[in-house]
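Taken in sequence, the protein lines are chains L and H. This note's numbering numbers the first residue of the first sequence as 1 and each following residue consecutively. This note's numbering numbers the first residue of the second sequence as 413 and each following residue consecutively.
The set of hints was computed from the structure by calculation and includes no laboratory data. Keep in mind that this is a model prediction, so the values were computed, not measured. By construction, the Cβ of each residue, glycine as well, lies at the ideal position given by its N, Cα and C atoms. Each hint should be verified, as a subset may be incorrect.
Keeping only pairs whose Cα atoms sit at most 20 angstroms apart, straight-line, the calculated EDC-like set for lysine to aspartate or glutamate is [said to hold, decoys possible]: (1) LYS748(H) with ASP113(L); (2) LYS748(H) with GLU719(H); (3) LYS705(H) with ASP626(H); (4) LYS752(H) with GLU21(L); (5) LYS690(H) with ASP113(L); (6) LYS120(L) with GLU686(H); (7) LYS752(H) with GLU71(L); (8) LYS748(H) with ASP64(L); (9) LYS383(L) with GLU227(L).
Computed spacing ranges between beta-carbons, pair by pair [said to hold, decoys possible]: (10) PHE226(L) with ALA583(H): 19 to 29 angstroms; (11) ASP20(L) with ARG617(H): 56 to 66 angstroms; (12) ASP564(H) with ASP378(L): 51 to 61 angstroms; (13) GLU546(H) with PRO393(L): 28 to 38 angstroms; (14) ASP165(L) with SER581(H): 33 to 43 angstroms; (15) THR249(L) with ARG477(H): 43 to 53 angstroms; (16) PRO393(L) with SER434(H): 22 to 32 angstroms; (17) GLN212(L) with SER493(H): 45 to 55 angstroms; (18) ARG396(L) with GLY472(H): 53 to 63 angstroms; (19) GLU227(L) with GLU719(H): 49 to 59 angstroms; (20) SER434(H) with ASP193(L): 41 to 51 angstroms; (21) GLU329(L) with ALA791(H): 31 to 41 angstroms; (22) PHE226(L) with SER493(H): 45 to 55 angstroms.
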Amino acid sequence: MEFRKERLPNGLEIVAECNDEAHSTALGFFVQTGARDETDEIAGVSHFLEHMMFKGTPTRTADDVNREFDEMGAHYNAFTSEEHTVYYAAVLPEYQTAAVELLGDIIRPSLRDEDFDTEKQVIIEEIRMYQDQPPFGADDRIKALYFGAHPLARSVLGTIQSVSDLPVEAMRRYFENRYSPDNITLVGAGKIDFDTLVATANKICGGWQPTQPTRTLDRAAPHTGFECLHKETATLEYVIQLADGPAATDTDRYAAKILGTILGDDSGSRLYWALVDSGLAENASLGHHDYQGTGVFLTYMSCEADNTEANLAEIAKIYAEAQKSGVTEAELAQAKSKINSRVVLSSERPRGRLFTVGGNWLQRREYRTVQKDLQAIDAVTLKDIAAVLAKYPLTRSTTLAIGPAAKLQAPG
Amino acid sequence: MKDSIFSHTYSNGLVLVAEPISSLESAAFTIMVPAGCAHEPADRAGLGSLVCEMTVRGSGPRNSRQFVQDLENLGVERGESVSTNHTSYSGATLAKSLPAALAIFADLLRNPHLPAEELDAARMVALQELRAIEDEPGQKVMLELRRHQYPDPWGRSSNGTVAGLESVSLADVRDHYAKLFRPNGTIVGVAGNFDWKRLQDDVGRLLGDWAPRDVADPVDGPQPPRRAHLHHESNQTQIGVGYESLPYRHPDYFQAWGAVGVLSGGMSSRLFTEVREKRGLCYSVYATTNTLKDRGSVLCYSGTSAERAQETLDVMVAELIRLAEGIHPGELGRLKARIKSSLIMQQESSSARSGSLARDWFHLGRARTLGEVGGLVDALSCESINAYLAAHPPRDFTVVTLGPHALEVPRGVS
Numbered sequence: 001m002e003f004r005k006e007r008l009p010n011g012l013e014i015v016a017e018c019n020d021e022a023h024s025t026a027l028g029f030f031v032q033t034g035a036r037d038e039t040d041e042i043a044g045v046s047h048f049l050e051h052m053m054f055k056g057t058p059t060r061t062a063d064d065v066n067r068e069f070d071e072m073g074a075h076y077n078a079f080t081s082e083e084h085t086v087y088y089a090a091v092l093p094e095y096q097t098a099a100v101e102l103l104g105d106i107i108r109p110s111l112r113d114e115d116f117d118t119e120k121q122v123i124i125e126e127i128r129m130y131q132d133q134p135p136f137g138a139d140d141r142i143k144a145l146y147f148g149a150h151p152l153a154r155s156v157l158g159t160i161q162s163v164s165d166l167p168v169e170a171m172r173r174y175f176e177n178r179y180s181p182d183n184i185t186l187v188g189a190g191k192i193d194f195d196t197l198v199a200t201a202n203k204i205c206g207g208w209q210p211t212q213p214t215r216t217l218d219r220a221a222p223h224t225g226f227e228c229l230h231k232e233t234a235t236l237e238y239v240i241q242l243a244d245g246p247a248a249t250d251t252d253r254y255a256a257k258i259l260g261t262i263l264g265d266d267s268g269s270r271l272y273w274a275l276v277d278s279g280l281a282e283n284a285s286l287g288h289h290d291y292q293g294t295g296v297f298l299t300y301m302s303c304e305a306d307n308t309e310a311n312l313a314e315i316a317k318i319y320a321e322a323q324k325s326g327v328t329e330a331e332l333a334q335a336k337s338k339i340n341s342r343v344v345l346s347s348e349r350p351r352g353r354l355f356t357v358g359g360n361w362l363q364r365r366e367y368r369t370v371q372k373d374l375q376a377i378d379a380v381t382l383k384d385i386a387a388v389l390a391k392y393p394l395t396r397s398t399t400l401a402i403g404p405a406a407k408l409q410a411p412g
Numbered sequence: 413m414k415d416s417i418f419s420h421t422y423s424n425g426l427v428l429v430a431e432p433i434s435s436l437e438s439a440a441f442t443i444m445v446p447a448g449c450a451h452e453p454a455d456r457a458g459l460g461s462l463v464c465e466m467t468v469r470g471s472g473p474r475n476s477r478q479f480v481q482d483l484e485n486l487g488v489e490r491g492e493s494v495s496t497n498h499t500s501y502s503g504a505t506l507a508k509s510l511p512a513a514l515a516i517f518a519d520l521l522r523n524p525h526l527p528a529e530e531l532d533a534a535r536m537v538a539l540q541e542l543r544a545i546e547d548e549p550g551q552k553v554m555l556e557l558r559r560h561q562y563p564d565p566w567g568r569s570s571n572g573t574v575a576g577l578e579s580v581s582l583a584d585v586r587d588h589y590a591k592l593f594r595p596n597g598t599i600v601g602v603a604g605n606f607d608w609k610r611l612q613d614d615v616g617r618l619l620g621d622w623a624p625r626d627v628a629d630p631v632d633g634p635q636p637p638r639r640a641h642l643h644h645e646s647n648q649t650q651i652g653v654g655y656e657s658l659p660y661r662h663p664d665y666f667q668a669w670g671a672v673g674v675l676s677g678g679m680s681s682r683l684f685t686e687v688r689e690k691r692g693l694c695y696s697v698y699a700t701t702n703t704l705k706d707r708g709s710v711l712c713y714s715g716t717s718a719e720r721a722q723e724t725l726d727v728m729v730a731e732l733i734r735l736a737e738g739i740h741p742g743e744l745g746r747l748k749a750r751i752k753s754s755l756i757m758q759q760e761s762s763s764a765r766s767g768s769l770a771r772d773w774f775h776l777g778r779a780r781t782l783g784e785v786g787g788l789v790d791a792l793s794c795e796s797i798n799a800y801l802a803a804h805p806p807r808d809f810t811v812v813t814l815g816p817h818a819l820e821v822p823r824g825v826s
């Protein structure tokens, strides 16, 4: 296992965790752009652009792109978040160069008018599909309530209106600015020939001109509140709650992760025993999510509408108890063995490592081995967890419910 | 690619099938118990899921809480599910914890408490899981498609019905367990980093003296209607189309499977190209093979705005019918490349591999090595797949829709 990095003269970085024992190779272009870099006029453009990358380049039609990925037997896809847009493929090692050439080419797309119009329909169908799934809408609404005017409030998908109204010229301008080589990292994991990787990157991306895009990283000023959205056609009630948490570069993020596991893991946590095991809720979980400059604790709960108020009161009670008395040594040990095993299991596949290696580089410009992550988890003490609770009280949050309940009372 | 699969059949009929992968730090297991929802009494739909939920609520020396705590302290990631034929328990953990994890699951299989005081909570869990499907229309239409594709009990959804779940008593739970949980027909698949001899001894000690019992197979009920529309006030109409195909054990299965790979799988596949890429009709469209022991089918899905749903169904069905005209060498080449890389990547996941081993054994009475599967895939040719398609053209479609309006099934489709 060896970590290698390189930087092209135009600013594009290449980082890789090279593992000679691996059977496969995972590769991805990680672009530092997402919903937080948009404005109202172009809401949803990052995600729409991600779709357009598969519609062809000056030298490849959309059919060529799809066909060539499939000819390599690649497992490939792309995703867009608030902060990043990632294009990736897992292939057998002999396709390393072909995969990088293809991925590199598609992120210099033609953005043709007719493809833009066809793909707009696909995006609108994607939004309509989510609209038929009741929790949809809650996510965007609570981000708006919690983050207020902060850029992390922006929706990744946008709305049917904003996507319909988006002019292709606006997308082209956004692309020119954001897909600058100094805003892109090529990440590799698994069986990688690094020198060849750099040579391929140079050939494909070396001529790209940098535009030095920037991003504002103000710390969010979290809002608190409680809102209930009535959705008659929903069967269950869905609740999301956001509270402040450590940011991507804060060292107390490990303690935050463990705290989330103890209080709200899918299994064996305090929320699990109180609400899920008892059958009072279909789901109840707490997790820590970090962003550049800020972080959140996210509580998610789904249940029969009639149980919502009582369940919210129970969650409030569990959080108040944790604020007051902290957690126990036994809970800490159990959470550590659980996370330890998960880290090892998810790291066995190059596909799993790709996102960890890429995430660490984009968020913190650092490389961490699996071992180093395990040590950081192991080093967390009860005192560290108490410090996180003191700094980021779970009891100060914004709550949003969506479902058949017409009205809900916020707990005590 | 390593080609070493070990297996052992204990005197009570229980099968252990295992493949060491020494490059991994983990080990994973999949235990398939022959207690599927096909065995539920017709008026107790969902009983199997409820029994599965009850089995994790205490067994042997552990109550519900100790069961979870012990597994989590061992770092075991676990999951349970009920299918037509099986109740399955799977787990993955660091290699050194495998023996202790298996011992906990042996208690679950043989000595579950099925405690009276947990029944209401378990029922509420099952009811909410069932009701959550109402909020996932794409999932719901595919469950309904399956229900219309096979005669009862083979098309059942393990989630059951509200009426079925509400009528289950503690006696039903205990009867279902006592009748169906047994070693004969149970398959334990293990993959990852372990020592075969020790594993064989451990499983023998834990499960070797579990007493077998005979259970009759369920019999076929009537074939449900091939058309259904479920009214739902939604933006989109969900479309499910099914047709008969072959089960995994059939000598021509890979021909049928290869043909479906041309329809769906990869973004250059026919359904994705015609429905999404060329026409922008939908976000998601796919076809997949579904196999039972003695029969199989192909199940296709798409979901799109109500006003574009008729066109989507027409294009999907046209592609299914066109498939009978044959596939092309380029399509076969891409299919083989995709399968080859999937097989090699399967070696990187102990969980994926342990599940494949157990399922192989159920269908074939043995497990194929990845090398053997690779050989079968290499042997596919356009001629062989096209000969199969000419003899078995997709037809007699089952069509289930869910949305604000029913659709017309295209003309010329019986």
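Here is what the structure says about each hint:
no.	hint	verdict
1	LYS748(H) with ASP113(L)	violated, 35 angstroms
2	LYS748(H) with GLU719(H)	violated, 37 angstroms
3	LYS705(H) with ASP626(H)	holds, 18 angstroms
4	LYS752(H) with GLU21(L)	holds, 18 angstroms
5	LYS690(H) with ASP113(L)	holds, 14 angstroms
6	LYS120(L) with GLU686(H)	holds, 16 angstroms
7	LYS752(H) with GLU71(L)	holds, 11 angstroms
8	LYS748(H) with ASP64(L)	holds, 18 angstroms
9	LYS383(L) with GLU227(L)	violated, 34 angstroms
10	PHE226(L) with ALA583(H): 19 to 29 angstroms	violated, 45 angstroms
11	ASP20(L) with ARG617(H): 56 to 66 angstroms	violated, 39 angstroms
12	ASP564(H) with ASP378(L): 51 to 61 angstroms	holds, 53 angstroms
13	GLU546(H) with PRO393(L): 28 to 38 angstroms	holds, 36 angstroms
14	ASP165(L) with SER581(H): 33 to 43 angstroms	violated, 58 angstroms
15	THR249(L) with ARG477(H): 43 to 53 angstroms	violated, 37 angstroms
16	PRO393(L) with SER434(H): 22 to 32 angstroms	violated, 48 angstroms
17	GLN212(L) with SER493(H): 45 to 55 angstroms	holds, 51 angstroms
18	ARG396(L) with GLY472(H): 53 to 63 angstroms	violated, 44 angstroms
19	GLU227(L) with GLU719(H): 49 to 59 angstroms	violated, 32 angstroms
20	SER434(H) with ASP193(L): 41 to 51 angstroms	violated, 24 angstroms
21	GLU329(L) with ALA791(H): 31 to 41 angstroms	violated, 59 angstroms
22	PHE226(L) with SER493(H): 45 to 55 angstroms	violated, 37 angstroms
Checked against the numbered hints above, the structure violates hints 1, 2, 9, 10, 11, 14, 15, 16, 18, 19, 20, 21 and 22; every other hint is satisfied.
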